[in-house]
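Asker: Sequence:
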Amino acid sequence: MSASPPVLNGVRIAGSGPSATWVAGIAQESGVLTGFPSVSDDFAGVDLILIDDSPEATRDWLHRVAQEAQPGTLVMDFSANKEAVTEFADDVIPLTLHYLSVSIIDRGGSNGAAQGIEPTIIFTPSMATRPEALERAQDFWKALGFSVFQCLAHEHDIMVSGLRDGPRLLAAAYLKTLDRLYPDLGELRRINAPFTRHLRDIAGTIASPESNTDNAHNIGTILETMIEELRQLQTAIESRDATTIQEFHHEVQSIGLHLGQGDPS
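Count along the sequence shown starting at 1, add 116, and that's the number in our numbering.
To be clear, the hints were calculated from the coordinates, so they are not data collected in a lab. Ideal Cβ placement from N, Cα and C applies to all residues, glycine included. Accuracy of the hints is not assured; some may be wrong.
[As the list claims (entries may be wrong)] With beta-carbon atoms standing in for the labels, derived distance ranges: (1) Arg180 to Glu248: 26 to 32 Å; (2) Pro210 to Glu145: 30 to 36 Å; (3) Gly161 to Leu211: 19 to 25 Å.
Turn these sequences into a full structure, and let the hints guide you.
Answerer: Now the structure itself:
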């Protein structure tokens with residue numbers, strides 16, 4: 117018989133794979149999770165299930181979840197090959213469960229650690245995801261000390277920043293999201309090289325000692341504007357509209373200079 121699932125502020129956790137173990141470790145380190153030596157695979161009476169495995173193994177886990185998990189259980193799926201798995205989840209996960217797919221950026225990776233970047237989590241709801249799932253997932257990560265933001269670059273994503281460093285992670289996640297959403301960003305940089313420098317300046321300003329989580333909303337608003345400008349620039353690149361590209365360059369430069377002076381509000 118499996119050991120009793122762990123408890124996080126009254127939430128019982130089960131799951132499999134490295135992300136589940138990683139989350140459990142953070143929960144222990146944060147002092148809000150007690151009473152378990154490892155992640156349980158006993159789904160009976162569990163409030164939260166974390167899954168991270170190969171697509172094939174994840175399908176097996178999701179079958180088990182669908183059959184054994186109690187109604188209202190929150191299921192966070194960290195596995196790779198999102199499209200294949202979430203399509204499968206849409207077919208097998210009943211609406212009585214709260215399922216959502218999760219991506220982790222820089223989870224303890226050597227590059228992220230070397231740059232002092234703590235992990236960023238992005239929720240990607242599937243057809244099987246209901247609003248309650250997002251609310252409960254946000255509450256869970258907040259309980260671990262993470263900061264939660266709507267990911268403005270992708271209207272369906274919710275972004276959760278790393279521990280104790282909301283603004284810097286907010287900037288890092290936005291920049292990574294831009295790369296993810298716009299694969300032709302390399303061409304953008306060739307056409308308008310200062311764009312990259314201004315983004316670095318903004319990220320550096322956010323990482324400065326003067327920054328704190330209180331100004332995250334203001335930073336998010338500025339970055340949202342930049343992302344909208346980037347959408348316009350993408351169109352300009354396709355049509356080679358030099359005037360629009362110049363206007364965008366001046367807009368980004370003015371944002372970069374403003375942030376360089378301190379408070380972005």
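Asker: Hint by hint, note whether the structure agrees.
Answerer: Hints, one by one, checked against the model:
1. Arg180 to Glu248: 26 to 32 Å: violated, 22 Å
2. Pro210 to Glu145: 30 to 36 Å: holds, 34 Å
3. Gly161 to Leu211: 19 to 25 Å: Holds: the Cβ-Cβ distance is about 20 Å, inside 19 to 25 Å.
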